[in-house]
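Novice: Below are the chains, spelled out letter by letter.
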Amino acid sequence: MSKRLRNILVPIIAILLGIIVGTIIMVASGYDAVAAYTALWNGAFGNIYYTGEVVRQVTPYILAGLAVAFAFRVGLFNIGVEGQFMVGWLASVWVGLAFHLPKFIHLPLAILASIIAGALWAFIPGLLKARFRIHEVIVTIMMNYVALYVTNYIIQHVITNNADRTPSIPDSASLRSPWLASITDFSRLHWGIVLAIICCFIMWFLLEKTTRGFELRAVGFNQHAAHYAGMSVNKNIILSMVISGAFAGLAGAMEGLGTFGYVATKAAFTGVGFNGIAVALLGANTALGVFFAALLFGALEVGALNMPLAAGVPNELVDIIIALIVFFVASSYLIRWFIERISKKGVK
Amino acid sequence: MKKRKLGLALSLVLAAGTLLGACGKTTDNNNATNKGTKNAKPSFTVGMVTDVGGIDDKSFNQSAWKGLQEFGADNNMQKGTKGFDYLQSQSDADYSTNLNTLSRQGFSLVYGIGFMMQQAVDDIAKQQTKTKFAIIDAEVKEPNVASVLFKENEGSFLAGVVAGMVTKTNKIGFIGGMESAVIERFEAGFRAGVQAANPKATVDVQYAASFTSAEKGQAIASKMYSSGEDVIFAAAGGTGTGMFKEARDRKAKDPSKDFWTIGVDSDQTAEGVVTAGGKQVNVVLTSSMKRVDNAVKDISTKAMKGNFPGGQTTTYGLAEDGVGLAPLNDGMPNKDAIQKAVSDWQDKIKSGSVKVPATRAELKTFSAK
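Residue numbers (our numbering), protein chains in the order written: chain G, -4 to 343; chain B, 243 to 611.
One should not assume that every hint holds.
[What the hints assert, rightly or not] Here are the simulated distance ranges between beta carbons:
(1) Glu381/B to Gly266/G: 39 to 45 angstroms
(2) Leu96/G to Ala512/B: 25 to 31 angstroms
(3) Gln522/B to Gly25/G: 36 to 42 angstroms
(4) Gly25/G to Arg602/B: 51 to 57 angstroms
(5) Leu96/G to Ser609/B: 30 to 36 angstroms
(6) Ile136/G to Glu381/B: 52 to 58 angstroms
(7) Asp316/B to Phe196/G: 30 to 36 angstroms
(8) Asp298/B to Asn156/G: 31 to 37 angstroms
Hints are computed from structural coordinates only; laboratory data are not their basis. Don't be surprised by glycine CBs; every beta carbon is placed ideally from N, CA and C.
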């Protein structure tokens, strides 16, 4: 069986297994599984408003997924997407509020600010990894907490005077458009989805079609071999973290300039960065895979909101089903092993 | 051999296709029936959107849902789209979707529970002008939105009076969730109450920067008890459960000493039960209650009867039964005297002769007589 076919087959089987086990759990606990999945579908695509919301939700997931996937291709596990996402969100809103400029300067400037903020936040663990070999997982997890509390502090004491959220950004920095809202019946769909798709393309082009991308991937495959071949491992580690952080920061701008238009203090993590890990896993760390995986996650997330009301399925069960899909994706090794075994039998 | 593998893959895809296909078909059917029932809906319906805490947060959302259930029972309504129902938000991004869903389902009145939903309610109220909205703990100036605020400071003032009279060390702790106008009202009222009942006592104010972190609440409470504070009031949602745990643990180890707690939002007496020195005691003195349930019932009733306070802000204080103090713990020393002091202050606040400070700035100029 070709590698490509297997790469497509594994996530699909994982999703199916998740749905099947979810059905069994629902039936066993006395809920109508058909009604539940119907509600899920209707909650995501039953109405143009919900479809707009799905696309809105998918946008940051694509970028967060790209961020995780990019670092992973270079052999780094960027758990800090959540933190980079939050500083990106804050930076975009900050620039949005601080300046009064025409839209064609203001909006790009705000987006750029989010990218730089995310990249800087990821630069620190990248540098520590490259210089001192401090494991990036630990540093990025810690940086998530630093990001959470620093952004809360800045929102409360620097941007506002002890308020819970910033004022809304002016139209000149907003990604939202009345036209997009009008065609999707007042959903919060915004232009960010175009940026996200462009980023998918950038990631693919950068990794697959440039010399720099070849070096990055080489470091991911085998650091020692890359070093022996005369590539600078340290430089590529830092670079990959910076690019990964840039994607994550841009994901934050999607929330700051698109979905919300402001930034509020948070009691806990948003979960976008962590879902990005699952998205990247499901998408096999490729640009196209991430795109489709984000689509699935966005649709599940938005559609699930409709399940309690329309089918009487409690939220907790919805969470279990989403978790099951992630579980089967994460345990794709099992599925791979199974497929390989069957393939080998064929050879015998 | 290659072919066999391909065959397997194909059959898997086929199986997937039929499974998914089956899903698709039923979708269409149910869609049609859903639409049929929607048109036949005549009467008053009410829904609420919780924040991420959900309806079993032992505090704010739970209280609102209780109010809605009682309202439903009083008016013979069923849980569901034809009576009353709730939607839980998994993240901040869901507020808008959930509010939209309820309003699009045709609910007559939709509650947004919590100040975090202010922007979402504001936006959607402009779009869905036929639906009535109500928001708790925030103000939205739209003709179809009723804003509900509470005078938390009045309830926590009474809690402060209790704390001031119970303390032996004259050291009292206050644990806040995240800094916000609402929690500041709790803090200012509590400190004013302590000051009024016991001018010698000091209040140690700590913020946990979280409403959900029980371990942080426990760490702060532990530090407070260790430094000699014997009464702690937590206005911190789920973070407060850590304080209860710390108090229970310490009481069980050292039954002769005092480790008192004061709960928040709803009557949290059940959190304080512990076996110390062979008998069952309770470490919860009382709770500073915020009767979101009463407010929800009140606004729903008004909306049903046609005098919905749209565009207005309704503030619920002691006089409106919107805040209050839970029954006092029987185990506290000289309970009768404390009970009497609480009733005296309550009368003074209700009559308006004492104005409880709502901010730290107002607290500075507050003097109790």
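Novice: Each hint should be assessed against the structure and marked as holding or not.
Specialist: Hint check:
no., hint, verdict
1, Glu381/B to Gly266/G: 39 to 45 angstroms, "29 angstroms, violated"
2, Leu96/G to Ala512/B: 25 to 31 angstroms, "56 angstroms, violated"
3, Gln522/B to Gly25/G: 36 to 42 angstroms, "37 angstroms, holds"
4, Gly25/G to Arg602/B: 51 to 57 angstroms, "52 angstroms, holds"
5, Leu96/G to Ser609/B: 30 to 36 angstroms, "50 angstroms, violated"
6, Ile136/G to Glu381/B: 52 to 58 angstroms, "39 angstroms, violated"
7, Asp316/B to Phe196/G: 30 to 36 angstroms, "59 angstroms, violated"
8, Asp298/B to Asn156/G: 31 to 37 angstroms, "35 angstroms, holds"
In summary, the structure is inconsistent with hints 1, 2, 5, 6 and 7 from the numbered list given earlier, while agreeing with the others.
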